[in-house]
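*Asks:* Could you put the whole structure together from the sequences, leaning on the hints where they help?
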Amino acid sequence: MNQLGFPILTLLIAIPTFAAIACLFVRADMARWIALAATLVDFALGLLLWANYDVGGPQWQFVENVPLFGRFAWAMGIDGIALMLILLSVFLMPICIAASWDAIEKRVPEYMAAFLLMETLMIGVFAAQDLFLFYIFFEAGLIPMYLIIGIWGGVDRIYASYKFFLYTLLGSVLMLIAMLWMAQYAGTTYIPVLMAVDFPPEAQTWLFLAFFASFAVKMPMWPVHTWLPDAHVQAPTAGSVILAGVLLKMGGYGFIRFSLPMFPEASAQMFWLVMGLSMVAIVYASLVALVQQDMKKLIAYSSVAHMAFVTFGLFAFNRQGIEGALLVMLSHGLVSGALFLCVGVIYDRLHTREIARYGGLSNNMPRYAVLFLLFTMASVGLPGTSGFVGEFLAMLGVYQASSWAAFVATTGIILGAAYMLYLYRRVAYGPLDKPDVAAMPDLSGREIATLAPLAAVVLWMGVYPESFISPMRADVGAVLARLERAKPQGDAQLAAGHGPQLSPVAHGGAH
Amino acid sequence: MIKLIVFLPLIAAAIAGLGNKALGNIAAKALTTGALLVACALSWPIFLGFLSGETTAYVEPVLSFIRSGDLNVDWALRVDTLTAVMLVVVTSVSALVHLYSWGYMAEDPDQPRFFAYLSLFTFAMLMLVTSDNLIQMFFGWEGVGLASYLLIGFWYYKPSANAAAIKAFVVNRVGDFGFSLGIFGTFLVFGTVSIPAILEAAPGMAGSTIGFLGYRVDTMTLLCLLLFIGAMGKSAQLGLHTWLPDAMEGPTPVSALIHAATMVTAGVFMVCRLSPMFETSQTALTVVTYVGAATALFAATVGTVQTDIKRVIAYSTCSQLGYMFFAAGVGAYGAAMFHLFTHAFFKALLFLGAGSVIHAMHHEQDMRFYGGLRKHIPLTFWAMMAGTLAITGVGVAGVFGFAGFYSKDAIIEAAYAAGTTSGGVAFVVAVFAALLTSFYSWRLVFLTFFGAPRWAASEHIQHAVHDEHAHDAHHVAHEVPDEGAGSEPIHDQRGIDEVKHGTAGYHPHESPWPMLVPLIVLTLGAIFAGYVFAGAFIGAETGAEFWKGSLAFNEHLMHAMHGVPLWVQLSATVVMVTGLLVALWAYIIDTSIPGRFTAQFRLLYDFLLHKWYFDELYDVIFVRPAFAIGRFLWKRGDQGTIDRFGPDGFATLVATGGVAARRLQSGYLYTYALVMLLGLAAAATWAMVG
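Those sequence lines, one after another, are chains A and B.
Positions 1 to 511 (full-length UniProt numbering) are the ones given, in order, by the first sequence.
Positions 1 to 690 (full-length UniProt numbering) are the ones given, in order, by the second sequence.
Since the hints were derived computationally from the structure, they do not count as laboratory data.
Any given hint could be a false lead.
Said to hold, decoys possible - So the derived list for chain B, only partly shown, Cβ under 8 angstroms to chain A, looks like this:
1. 69
2. 74
3. 297
4. 528
5. 585
6. 586
7. 589
8. 592
9. 595
10. 630
11. 637
What the hints assert, rightly or not - Some chain B residues well away from chain A (every beta-carbon gap over 12 angstroms; in silico):
12. 70
13. 499
14. 505
Every residue gets a Cβ at the ideal spot worked out from N, C-alpha and C, and that includes glycine.
*Replies:* Here you go:
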């Protein structure tokens, strides 16, 4: 079966499912504890998964395959990329439950059930090896999110969830059609096999675009990003954490699992489409973030800018770019999640997200100020934090593909610093002259317990990213092998120098 | 041992910073200062080992960092002559500044945080100077930027300090934008980010071309210039200099450590570290020369009209950094590093001395309200005198000179000796800037320590006098510094003859011993650093032995430098004396001259007072448009276009009328479920039948 001797992936999926059902039948307090226990058990299983993952072993591990009916199978299995994203999900879930402990007061059992169901579906997306199984998890995963925004959201929650729905619907219809065609053409729905199928180049183009419609919305890429700020603003804190932390990663996961390995020619063909949209996104979203008055909107726009680093890196068609993009996904999951938690902390105290209502929090909330600073710095990509490694690698990779794209992408480090430090200044610095702000107490033990683990992992990933890259290395290599034949030529076109002699190192670097 | 030097400050910073209030002031201060004293004590033997030629370069690995395909980056500590020079500069000045802060920050409520930041800075700076690859250098580079941001904004309740902190970070990020692209390009060309490997391969790439933004350019010129943009940001060179004067919002010990002696010299260090690479592109070196010369001139001119004592020294720093850059640009890297070395001592001395003056004058920073302080704070006075003698380069060739006499004159002579057009321009500019340097440095001394007291005009002094504790300056001097301190002096343009004279009954006190000891130690540095180390750093033969290839040491240029005509040698001394005499005349003998001069040359004066209008220009072309475009894209782009024709348009299209639209909105979940179901049915059909 697998190296553990029991179907761990199914177990990971089953535990939150049963816990979700259980939550519906108990009272609020009990539901909280059930949810916390279930997510912690899942986290422990996730660690077990990581510990037993054989780096350098077979590409697909912990494989389960139970035929259901016809050719439809309960096919589970993960590679290093899926492993990391599952770990991100199970790591964030207990934090989300803890963050919702006091903040959610109405319909707590349903809320906890929705979150647990979400966890089920998120893990399912990353673990599914069957095309239609993936589709079910991928699409169904949005239903609990709609509910979380629509029921426990802010004033404009209906509009926000409507927008969210409309964008997603368009993408999923097109993706479904493409999937049916692919299954028909290849005669299988088994993803590892599909990843090696050479679809005819003319079909690849429309297949790519159909998938692109779905993944671009999820990322989100410009110009289909406008659902994100509204969804974030209306979602409760923990909803934002999961939305930014995991749901946005499904777009990137889709690109690396489907678009790049299955449609390499089309991906190369669409190089400038993706690069162009990413270039616009970085500058556009950063400038818009600069003028936001609402904290959550600001961080939402910063997410759009950061996700552009992911699309940049993935479509650089080289190892640094793709590994960088994957690290940005992980890092952004942690950092933006943490930033939304930071917003949640002060929202719980003052019940407003308006930046101008705060100021001077360093005085009365020094612990909060330190942690918020750390995550701000991680968001601007300060070396030593997780934000740096991914962004830097992604841009390094992009430079090899196109100096123009890298030039624009790198402006992101200037603009990112501007809007994040401007936010930090308005919240944490300045005189403490508002009485209600001055009355806010510093972080509680529970809040520290939610933020401190994130801080630790952010630093870990910043100083020793190898722990996170090494499981994914071989899988990136597999994608690169598929892309090799279509890889676009970079614009550097290095010509030989007239120096004493051309060293082999220098020559090797010239593509 | 090197690990201990680098990581002790980090450990101390972490404990002091996280322990903070729980740890207490004394423990936090003792821990951080102790760590730095140990680091300093360990650094000098390393330096002396290189000086005597006993030690050879080595690299101490720490941990692997990033592995991605060909990219292989390790955390590692490189120690060679160049590093050793920086080690003693960084740890010595940092240790002294830690000690000084015991006195200067004595009344601050947030001392553990301050000392933690100082130690954190030192760690980042040490990581920078010991880096063996470009990415670790970038880590240190941005790390010192973070510490600088935190320390400039240390008094975070001051809006001006916050603005200055953000400005410093963002302007530095503009430099880092170039630095990053430079690293990307270097990796693309050489396939590595290891500095020794790059330097070895660089000559082979001389003359090659590369595509960049649609142009074909010389590879090495492109890489060097991109990296140099980073150096310009960190070292406040013309164009990216605007953050440095504003950085004076930070506490004065910070200005001494970060914005004079160490961090701002990182750019010079980088160019020297990569000097074999810069040597492959004459174009890049010419640009470095011109930028350095332009900065030296620009900052010196602005320095002559500033009235805030810290800003004068800040522009002086900016100007001296320009000297270092054009020294590197003409190929005299040894001279650039020598000036970096001596400058660290005398500029830290000047800043700490200024801090002592500010401390004595109850946080008044405007020199127009000083005067006659010589007798009240004699030790500070003599320290500042030593610093001024050092920066203006007082000395007699062949006998003895203060630190700057050896290093600055060497740069001026090297520029002449280079024999290139850019070198010639740099020489002329350097001599003129030396004249201005002498003038503004002596102006500072005369305004502060000589003449009649003008304290009565100072609001700070008035506060102090009216305060009930006025007779104990140490107690009141460290209350919350008000927002006026160090802010733009432009609104008040009164000359020294126009402000009220008199002491207002105020009695300045000499600073406590923790502040005086660093002054004394640095005074010794300012006096002897040049005399003692000139042979090693810039001697034609001895220099090559000392540097041992850690930078591109040019023996021919050094020979030529020592053999320039007499008039070139004397030019620096002549302008130094001239500047002194002009300052003496205008600020001691006939104090009406500055007022008459500014009235006569109003336009020039305003131009200098507004710092060549850089801030105003940047505000108009960068800051305001960024916000305006951001608002436009948000309102017109996202809301006015994408949403209008996207989701909102769809709603109105499908269901005209608000009620129907709302029904659609609330019914979406069912629609969605239906689509999914249909999809699944299709999939199931395929699974069964197909």
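*Asks:* Take the hints in turn and mark each one as holding or not.
*Replies:* Hint check results:
1. 69: With a closest approach of 4 angstroms, the residue 69 of chain B hint holds.
2. 74: Not OK, violated: residue 74 of chain B not within 8 angstroms of chain A, min 11 angstroms.
3. 297: Given a least distance of 28 angstroms, the restraint on residue 297 of chain B is violated.
4. 528: violated (38 angstroms)
5. 585: violated (45 angstroms)
6. 586: violated (41 angstroms)
7. 589: At 46 angstroms from the nearest chain A Cβ, residue 589 of chain B fails the 8 angstroms test, so the hint is violated.
8. 592: With a closest approach of 42 angstroms, the residue 592 of chain B hint is violated.
9. 595: Violated - the Cβ of residue 595 of chain B stays beyond 8 angstroms from chain A, reaching only about 37 angstroms at its closest.
10. 630: holds (4 angstroms)
11. 637: holds (7 angstroms)
12. 70: Incorrect as stated: the minimum Cβ-Cβ distance to chain A is 8 angstroms, not above 12 angstroms.
13. 499: holds (30 angstroms)
14. 505: holds (32 angstroms)
Hints 2, 3, 4, 5, 6, 7, 8, 9 and 12 from the list above are not met by this structure, while the remaining hints are.
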